[in-house]
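J.: Below, each chain spelled out in residue letters.
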Amino acid sequence: MNASLERKNSKGFDVRLIIYYFALVVIGWFTIYSTCYVPDGSNAIFDFTRNYGKQLIWIGSSLLIAIVILLIDSKLIQHYAYHFYIICLLLMALVLVIGTEISGAKAWIKIGSFSIQPTEFMKVATALALAKFFNEGKTSQEKKYTWLAALGIIGVPVLIVMLQHDAGSALVFASFIILFFREGLSAGLLILFLIAGFLAVFTLKFNETYAVALLTAVFIFMFIKDRTQKKKARRDVILFIVSIAFVFSVNLLYQNVLEPHQKERIDTIFGKTSDPKGADFNLNQSKIAIGSGGMFGKGYLKGTQTKLKFVPEQSTDFIFCAIGEEWGFMGTLVVFYLYLALIYRILSLSEKQRVPFVRYYGYGIAGIISVHFFINIGMTIGLVPIIGIPLPFISYGGSSLWAFTTMLFIFIKLNDN
Amino acid sequence: MEKRRYYIVLFALGLLAVVYIVKLFSLQVVNKKYTAQADQNAKRYITEHPARGLIYDRNDSLLVYNDAAYDLMVVPNELRAFDTSELCRVLDLTKEQVEKKIEKATKYSKILPSLFEQQISKEDYGYLQEKMYEFPGFFVQNRTLRSYPHPIAAHILGYVSEVNEEDMENDAYYQIGDYIGKSGIEKAYESVLRGEKGKRVVLVDVHNREVGSYDNGSEDVCSVPGTSIWSTLDLRLQRYGEELMKNKRGSIVAIEPKTGEILCIISSPSYDPNLLVGTARPKNYGELLNDPKKPLFNRALMASYPPGSTFKLANGLIALQDGIISPSTVYSCSGGGYHIGSHVVHCHNCGGLNIYSAIQRSCNTFFCRAYYNILSNRKKYKNIDEAYTAWLDYMMSMGFAKKYETDLPYELKGSIPTAAYFDKKYNNSWNGNTVVSMGIGQGEAAVTPLQMANMLAVIANKGYYIRPHVVRAIGKRDSLCTLYSEKIYSKIEPQHFETVLQGMKMVVTAGTGRGAKIDGIEVAGKTGTAQNPHGADHSVFALIAPADDPEIVIFCLVENGGFGASVACPIASLMAEMYLNGEVKRTDLEKRMKELSFR
Numbered sequence: 001m002n003a004s005l006e007r008k009n010s011k012g013f014d015v016r017l018i019i020y021y022f023a024l025v026v027i028g029w030f031t032i033y034s035t036c037y038v039p040d041g042s043n044a045i046f047d048f049t050r051n052y053g054k055q056l057i058w059i060g061s062s063l064l065i066a067i068v069i070l071l072i073d074s075k076l077i078q079h080y081a082y083h084f085y086i087i088c089l090l091l092m093a094l095v096l097v098i099g100t101e102i103s104g105a106k107a108w109i110k111i112g113s114f115s116i117q118p119t120e121f122m123k124v125a126t127a128l129a130l131a132k133f134f135n136e137g138k139t140s141q142e143k144k145y146t147w148l149a150a151l152g153i154i155g156v157p158v159l160i161v162m163l164q165h166d167a168g169s170a171l172v173f174a175s176f177i178i179l180f181f182r183e184g185l186s187a188g189l190l191i192l193f194l195i196a197g198f199l200a201v202f203t204l205k206f207n208e209t210y211a212v213a214l215l216t217a218v219f220i221f222m223f224i225k226d227r228t229q230k231k232k233a234r235r236d237v238i239l240f241i242v243s244i245a246f247v248f249s250v251n252l253l254y255q256n257v258l259e260p261h262q263k264e265r266i267d268t269i270f271g272k273t274s275d276p277k278g279a280d281f282n283l284n285q286s287k288i289a290i291g292s293g294g295m296f297g298k299g300y301l302k303g304t305q306t307k308l309k310f311v312p313e314q315s316t317d318f319i320f321c322a323i324g325e326e327w328g329f330m331g332t333l334v335v336f337y338l339y340l341a342l343i344y345r346i347l348s349l350s351e352k353q354r355v356p357f358v359r360y361y362g363y364g365i366a367g368i369i370s371v372h373f374f375i376n377i378g379m380t381i382g383l384v385p386i387i388g389i390p391l392p393f394i395s396y397g398g399s400s401l402w403a404f405t406t407m408l409f410i411f412i413k414l415n416d417n
Numbered sequence: 001m002e003k004r005r006y007y008i009v010l011f012a013l014g015l016l017a018v019v020y021i022v023k024l025f026s027l028q029v030v031n032k033k034y035t036a037q038a039d040q041n042a043k044r045y046i047t048e049h050p051a052r053g054l055i056y057d058r059n060d061s062l063l064v065y066n067d068a069a070y071d072l073m074v075v076p077n078e079l080r081a082f083d084t085s086e087l088c089r090v091l092d093l094t095k096e097q098v099e100k101k102i103e104k105a106t107k108y109s110k111i112l113p114s115l116f117e118q119q120i121s122k123e124d125y126g127y128l129q130e131k132m133y134e135f136p137g138f139f140v141q142n143r144t145l146r147s148y149p150h151p152i153a154a155h156i157l158g159y160v161s162e163v164n165e166e167d168m169e170n171d172a173y174y175q176i177g178d179y180i181g182k183s184g185i186e187k188a189y190e191s192v193l194r195g196e197k198g199k200r201v202v203l204v205d206v207h208n209r210e211v212g213s214y215d216n217g218s219e220d221v222c223s224v225p226g227t228s229i230w231s232t233l234d235l236r237l238q239r240y241g242e243e244l245m246k247n248k249r250g251s252i253v254a255i256e257p258k259t260g261e262i263l264c265i266i267s268s269p270s271y272d273p274n275l276l277v278g279t280a281r282p283k284n285y286g287e288l289l290n291d292p293k294k295p296l297f298n299r300a301l302m303a304s305y306p307p308g309s310t311f312k313l314a315n316g317l318i319a320l321q322d323g324i325i326s327p328s329t330v331y332s333c334s335g336g337g338y339h340i341g342s343h344v345v346h347c348h349n350c351g352g353l354n355i356y357s358a359i360q361r362s363c364n365t366f367f368c369r370a371y372y373n374i375l376s377n378r379k380k381y382k383n384i385d386e387a388y389t390a391w392l393d394y395m396m397s398m399g400f401a402k403k404y405e406t407d408l409p410y411e412l413k414g415s416i417p418t419a420a421y422f423d424k425k426y427n428n429s430w431n432g433n434t435v436v437s438m439g440i441g442q443g444e445a446a447v448t449p450l451q452m453a454n455m456l457a458v459i460a461n462k463g464y465y466i467r468p469h470v471v472r473a474i475g476k477r478d479s480l481c482t483l484y485s486e487k488i489y490s491k492i493e494p495q496h497f498e499t500v501l502q503g504m505k506m507v508v509t510a511g512t513g514r515g516a517k518i519d520g521i522e523v524a525g526k527t528g529t530a531q532n533p534h535g536a537d538h539s540v541f542a543l544i545a546p547a548d549d550p551e552i553v554i555f556c557l558v559e560n561g562g563f564g565a566s567v568a569c570p571i572a573s574l575m576a577e578m579y580l581n582g583e584v585k586r587t588d589l590e591k592r593m594k595e596l597s598f599r
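Just so you know, the sequences run in chain order A and B.
Counting along the first sequence from 1, when you hit position 330 you're at 330 in this note's numbering, and nothing is skipped either side.
Counting along the second sequence from 1, when you hit position 588 you're at 588 in this note's numbering, and nothing is skipped either side.
A hint or two may mislead.
[Claimed, not checked] One-sided and incomplete, this derived list gives chain A residues near chain B with beta-carbon spacing under 8 angstroms: (1) Cys-36; (2) Tyr-37; (3) Ser-42; (4) Asn-135; (5) Lys-230; (6) Ala-233; (7) Val-237; (8) Ser-292; (9) Gln-305; (10) Val-334.
No wet-lab data here; the hints were simulated from the structure.
Keep in mind that this is a model prediction, so the values were computed, not measured.
Even for Gly, the Cβ is constructed at its ideal location relative to N, Cα and C.
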């Protein structure tokens, strides 16, 4: 099928997604400009030594990537999904050998003055690979095998990311749970997953003794209730033992595996330490920035917290601070609207697909974007620990913008069939 | 089933979004504390201390000006870990001192700047300014220090020092570390001299560096410099007087009688006002305070002396006014003096003399008799109490036994006892002779040099005085201050002053004060030798010149100087010459007086 014929079959690229994309990118650039703005100095827009100048390059190149994706044959995307996945894995492995360390994570490949973070592309590649795998796996009818293999597709990159000391990015891969859920992961497993999450949080917030006490109380209650039914009673005992083991392993992980700064961040979020000048200085300053924005904000280029560098990493991970400070709660609502509309659009379009591959992919990337969005904003307001992951489309950074552009425009292209 | 899971996913994401939006709403809209914290982070309020008003002498010569100084300030809430040892090294402090200063500042306010170290040197200032980013929470504030081009008039100019808690309670204008006039002109004219503090709001970044003004300076308030003051003092006369009084204890007060303006006011020993400025102030102040010569004590306003024979002028005026004597009344002085029973007030057997000669020769007998007759005048006064009270009234009308309450620091009113005092002392049994020594300026009467000078002004003005003061103009040299311009009339009629002045002229032409003669100027004067129970007599001289149209009255007292004619008289005369002629021709006399020492 040649290109002109395909065009005729096309229902047209989804305009709404493209509008949301541009809105977020434009907001991103203006916010980056604001965070770099020097009140009494020179702020020439095409100053490529400044982040906003560089971001213009990233935006320009991202548009090229978008156009290329929209022009290629969508069949190629599905066809080369595994190849893309393997290439990204190799790049990730390469990082382990020749990578550069930036703020604690050895996740970057330096080429000249530019740094590329393969992890960002790994997310797209994993989404594509999973989609392809599910697309083929359904026919094999071997459900259990399917789930384990799918976990493997996610697990390998996660392992490498962990080796790069980039725990934040590793967490993002958990977003595929949305895809799993949609594709029939049993509710029981999901509940188990949620209980595990609750237990982990409980253990970190208080300590393992309280967690064990809680578990024992629940177990005794359940056991008395189920004592007549042998099967259920046995299930209770097994669950109890597994839970205790889980609590202790969480504790072990926290005590022995986590780096001190990661422990500090977790302590901060659970209110175990309070030292506004020390460990949670960043979180505190971030909350001050957003909180001081009020209803309508301080006005563009007028945020003192961000202008005067009280907020760290303000053009990348903490960029939401500048939006909250300068545009207030109204700005917050606009940003939330754009993201939620974008995610909803991806999910609802996914549901309408005749080709399951596109639905799998759509759910995969909706999950990734959601996790990025909720974790990034959650950390700036103290709802989740400080995890260094960017705000999609808005944060400064070439790898991130390229990867999210690729991610979204592949979906737009696939949706157009 | 798939459709249901789609909705569950949407619902879960939606729920999460609601939680976030509620949290953000409470953070941004409900909770106001973050706005305040952001301001506290970024804004620093810098007080702009205005330059204090300058003080000039009556001829536009500068007496007090300002010098630049730098204070290191601290804002406790902005403090982060810093290199204490480096700060200790630069400021020459111990670690404990630094901790104590921070503790003190924290106690005062966590968010307002406190003084950490005052008046750091220009070198330290330069060094710290470069390294400020290493000391978050600290900043340097410019201010000014008083400086004195001439080391004179310390008592009258007064001094400024840091406000204490009482000052801050009395006037909310003052904050810790501010300066306030504590004495002299600095105190009396504090509200004029201090100006109005200004405020600058600047933005500081996370590294404690100033990055510009807040909101283009919309909240800034300019400071208003203090208003300058022109004092009544004559720099040249003041300096000359202090030179003459070197190595002597005592006082010289000179007044322009027509205006009540104090031309010079000398209290010796004195001190260099520059000693009470800057970081050396506490040490120097302590030394001055403990100096047995009491340099901080302002004798011109606070010391009570027996006025000696210069008091005879006032008593003569009262006797004339009460009709006890007339210019032609003659009293006889013989037998060695004035006899009260076995007690004798000694004199020189002057023979018969009228008031002119009595003043010229300073006859004790004449004035004892006159004083006795005033107090024994039963035609006019029923009893001794009434007569004495009337006499005290005359005295007070000439400015004795009271304060002038103008702009002079810590003035005292001397002491002339009341009738009630003598009633008690002598058990209601006393008469004119009991207190007769006051008639010649001895006994219970004690006056300040300023009061004596004021009495001379009354004589020079032939009946009135204007309360003596030390500030002439405020703001501009010719915008004269009219606060103290009221003529206060004595109870003596003008013609009697002619009589006394005539006597005083004779003192200089052919009497006890011949040493006061100045070529080309007619001088009126009166010598005095104040008996001093504690040692050698005080030498006293009262001078009015030119006698017919007085421009200056001078009262001079040199403690333990002996006869009035020998020390106080030539000194007062030299002062008058300096003031009226602009130079002194009698350089031998001047040299001799400067070299005299009574300590």
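J.: It remains to establish, for every hint, whether it holds in the given structure.
T.: Structure-based check of all given hints:
Here the hint on A/Cys-36 is broken, as its CB sits about 14 angstroms from the closest CB of chain B, past 8 angstroms. The restraint placing A/Tyr-37 at the interface with chain B is violated, with a minimum CB-CB distance near 12 angstroms, outside the 8 angstroms limit. Annotation: interface hint on A/Ser-42 violated; nearest CB of chain B at approximately 14 angstroms, more than 8 angstroms. For A/Asn-135, the interface hint is violated, the least distance from its beta-carbon to any beta-carbon of chain B being 15 angstroms, above 8 angstroms.
The restraint placing A/Lys-230 at the interface with chain B is violated, with a minimum CB-CB distance near 32 angstroms, outside the 8 angstroms limit. Given hint, A/Ala-233 at the interface with chain B, is violated; its Cβ is 31 angstroms from that chain's nearest Cβ, farther than 8 angstroms. With a least beta-carbon distance of about 31 angstroms to chain B, the hint placing A/Val-237 at the interface is violated under the 8 angstroms criterion. The beta carbon of A/Ser-292 comes within 4 angstroms of a beta carbon in chain B, closer than 8 angstroms, and the hint placing it at the interface holds.
Given the 8 angstroms rule on beta carbons, the hint for A/Gln-305 holds: about 5 angstroms separates it from the nearest Cβ of chain B. Interface restraint check: A/Val-334 against chain B, minimum CB-CB distance 12 angstroms, threshold 8 angstroms, status violated.
Going down the numbered hints, you'll see the structure goes against 1, 2, 3, 4, 5, 6, 7 and 10, while the others check out.
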